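A.B. asks: Listed in order, the protein sequences are those of chains W and D. Last residue of the first sequence? That's 179 in numbering that gives the first Met the number 0, and every number before it is there in order. Last residue of the second sequence? That's 127 in numbering that gives the first Met the number 0, and every number before it is there in order.
Just so you know, the hints here were simulated from the structure itself, not pulled from any lab data. Keep in mind that a hint or two might mislead.
These stretches of chain D come out as covered by chain W in the derived footprint (C-beta under 8 Å, 3 or more residues) [stated by the list, open to error]:
id: 1; segment: 10-21
id: 2; segment: 38-50
id: 3; segment: 59-71
id: 4; segment: 75-84
id: 5; segment: 88-99
Straight-line Cα separation of at most 25 Å, SDA-like style, residue types lysine to any residue; simulated pairs [what the hints assert, rightly or not]:
id: 6; chain 1: W; residue 1: Lys25; chain 2: W; residue 2: Asp85
id: 7; chain 1: W; residue 1: Lys25; chain 2: D; residue 2: Thr99
id: 8; chain 1: W; residue 1: Lys25; chain 2: W; residue 2: Leu95
id: 9; chain 1: W; residue 1: Lys25; chain 2: W; residue 2: Val100
id: 10; chain 1: W; residue 1: Lys25; chain 2: D; residue 2: Arg24
id: 11; chain 1: W; residue 1: Lys25; chain 2: W; residue 2: Pro92
id: 12; chain 1: W; residue 1: Lys25; chain 2: D; residue 2: Val96
id: 13; chain 1: W; residue 1: Lys25; chain 2: W; residue 2: Pro120
id: 14; chain 1: W; residue 1: Lys25; chain 2: D; residue 2: Val51
id: 15; chain 1: W; residue 1: Lys25; chain 2: W; residue 2: Leu36
id: 16; chain 1: W; residue 1: Lys25; chain 2: D; residue 2: Leu84
id: 17; chain 1: W; residue 1: Lys25; chain 2: W; residue 2: Ala111
id: 18; chain 1: W; residue 1: Lys25; chain 2: W; residue 2: Val35
id: 19; chain 1: W; residue 1: Lys25; chain 2: D; residue 2: Thr92
id: 20; chain 1: W; residue 1: Lys25; chain 2: W; residue 2: Ser83
id: 21; chain 1: W; residue 1: Lys25; chain 2: W; residue 2: Leu75
id: 22; chain 1: W; residue 1: Lys25; chain 2: D; residue 2: Tyr85
id: 23; chain 1: W; residue 1: Lys25; chain 2: D; residue 2: Leu21
id: 24; chain 1: W; residue 1: Lys25; chain 2: D; residue 2: Val93
id: 25; chain 1: W; residue 1: Lys25; chain 2: D; residue 2: Ser58
id: 26; chain 1: W; residue 1: Lys25; chain 2: D; residue 2: Asp94
id: 27; chain 1: W; residue 1: Lys25; chain 2: D; residue 2: Arg88
id: 28; chain 1: W; residue 1: Lys25; chain 2: W; residue 2: Trp55
id: 29; chain 1: W; residue 1: Lys25; chain 2: D; residue 2: Asp95
id: 30; chain 1: W; residue 1: Lys25; chain 2: W; residue 2: Gly39
id: 31; chain 1: W; residue 1: Lys25; chain 2: W; residue 2: Asp110
id: 32; chain 1: W; residue 1: Lys25; chain 2: D; residue 2: Arg1
id: 33; chain 1: W; residue 1: Lys25; chain 2: W; residue 2: Trp91
id: 34; chain 1: W; residue 1: Lys25; chain 2: W; residue 2: Val67
id: 35; chain 1: W; residue 1: Lys25; chain 2: W; residue 2: Thr49
id: 36; chain 1: W; residue 1: Lys25; chain 2: W; residue 2: Ala106
id: 37; chain 1: W; residue 1: Lys25; chain 2: W; residue 2: Ala122
id: 38; chain 1: W; residue 1: Lys25; chain 2: D; residue 2: Phe62
id: 39; chain 1: W; residue 1: Lys25; chain 2: D; residue 2: Leu55
id: 40; chain 1: W; residue 1: Lys25; chain 2: D; residue 2: Val68
The structure presented is a predicted model; accordingly, all values stated were derived computationally and were not measured. Every residue gets a Cβ at the ideal spot worked out from N, C-alpha and C, and that includes glycine.
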Amino acid sequence: MTGADVLLLALGAVAVGSGVLVVATKHLVRAGLYLVLCLGALAGDYLVLTAELVAWVQVLIYVGAVVVLLLFAVMLTRAPIGASDDLDRPGWPAALIGGGVGLGLAALLVDAFRWSSVELPAAGTAEGIGEQVFRSWVLPFEVLSVLLLAALVGAIILSRPDIGRRPDTAASSSRTKVVR
Amino acid sequence: MRPVIPYVTAALLFGLGVYGVLRRRNAVLVLMAVELMLNAVNLILVTADTTVRAVLPHSGQVFALFVIVLAAAEIGVGLAIVLQLYRLRASVTVDDVPLTEPADDRVGVGSGGDAGTGSAGGRTEVGR
Numbered sequence: 000m001t002g003a004d005v006l007l008l009a010l011g012a013v014a015v016g017s018g019v020l021v022v023a024t025k026h027l028v029r030a031g032l033y034l035v036l037c038l039g040a041l042a043g044d045y046l047v048l049t050a051e052l053v054a055w056v057q058v059l060i061y062v063g064a065v066v067v068l069l070l071f072a073v074m075l076t077r078a079p080i081g082a083s084d085d086l087d088r089p090g091w092p093a094a095l096i097g098g099g100v101g102l103g104l105a106a107l108l109v110d111a112f113r114w115s116s117v118e119l120p121a122a123g124t125a126e127g128i129g130e131q132v133f134r135s136w137v138l139p140f141e142v143l144s145v146l147l148l149a150a151l152v153g154a155i156i157l158s159r160p161d162i163g164r165r166p167d168t169a170a171s172s173s174r175t176k177v178v179r
Numbered sequence: 000m001r002p003v004i005p006y007v008t009a010a011l012l013f014g015l016g017v018y019g020v021l022r023r024r025n026a027v028l029v030l031m032a033v034e035l036m037l038n039a040v041n042l043i044l045v046t047a048d049t050t051v052r053a054v055l056p057h058s059g060q061v062f063a064l065f066v067i068v069l070a071a072a073e074i075g076v077g078l079a080i081v082l083q084l085y086r087l088r089a090s091v092t093v094d095d096v097p098l099t100e101p102a103d104d105r106v107g108v109g110s111g112g113d114a115g116t117g118s119a120g121g122r123t124e125v126g127r
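Isolated chain W, as found in the complex (with noise of 0.2 Å):
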């Protein structure tokens, strides 16, 4: 066990320990905040790793921008402070189909790499990643500004205000008075 071992297990045990709670809290923010604690250990596995340009951008767009975009959503959509009840839907199948699912992947991996160890590489730079990213992958990475754009129009066209607006909306209209 070297230092760097250590130091992946401990980071591991707290994203996973928050990624229990992020599903299982009954508070909907704490469950975004649990997120966010999740995010930094795994950018923090990141750094032992040596993949610090992933690391940061890791912390720039998880826990900067989609974690608050998250809770933003649980703002606009509804806003309890305390634990809500009817989040979750009551599931076995959900516990069984989950855990078959993680264990049987660590059991595969752990199988495959048994407790052998590996030399981390010397620690990398973004300049390394951009070389590879504009020279070997400069095809993906403009098809995926395409996506890019095509993902903001869509928001865009989902968040117009004459979506759904039919006739029939007296019901639903009626509950969101009753709901307010």
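Using the hints, position chain D against chain W.
C.D. replies: Relative to the frame of chain W, chain D by itself:
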């Protein structure tokens, strides 16, 4: 460095994400569980990048960056859908989403003016 540690972490996180997607009823929480799964895949990619000698160096990290961008796009469109759902139904419960078009005989049952003002009020309320 023992590569089995991050691999097992990623496997467990993926299992947690699957569990969350199947268990949660609130659409925002379902999206959070999807984020957990995407991050597990990212961890696998980054670990494989440092442990496997590949022809192209750093391909795993480049793919991890691509997955992060995909996740950002996914969360943008997903939250637009969730907010639209909330505007229409005043609830983001996944179980309540109707998967079929409403029957035609319901069209025109309510008085048109009342429905129009009602939905207009709902729009301004949510839009603020």
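A.B. asks: Which hint numbers does the structure go against, in order from smallest to largest?
C.D. replies: 7, 13, 14, 17, 25, 28, 31, 32, 35, 36, 37, 38, 39 and 40
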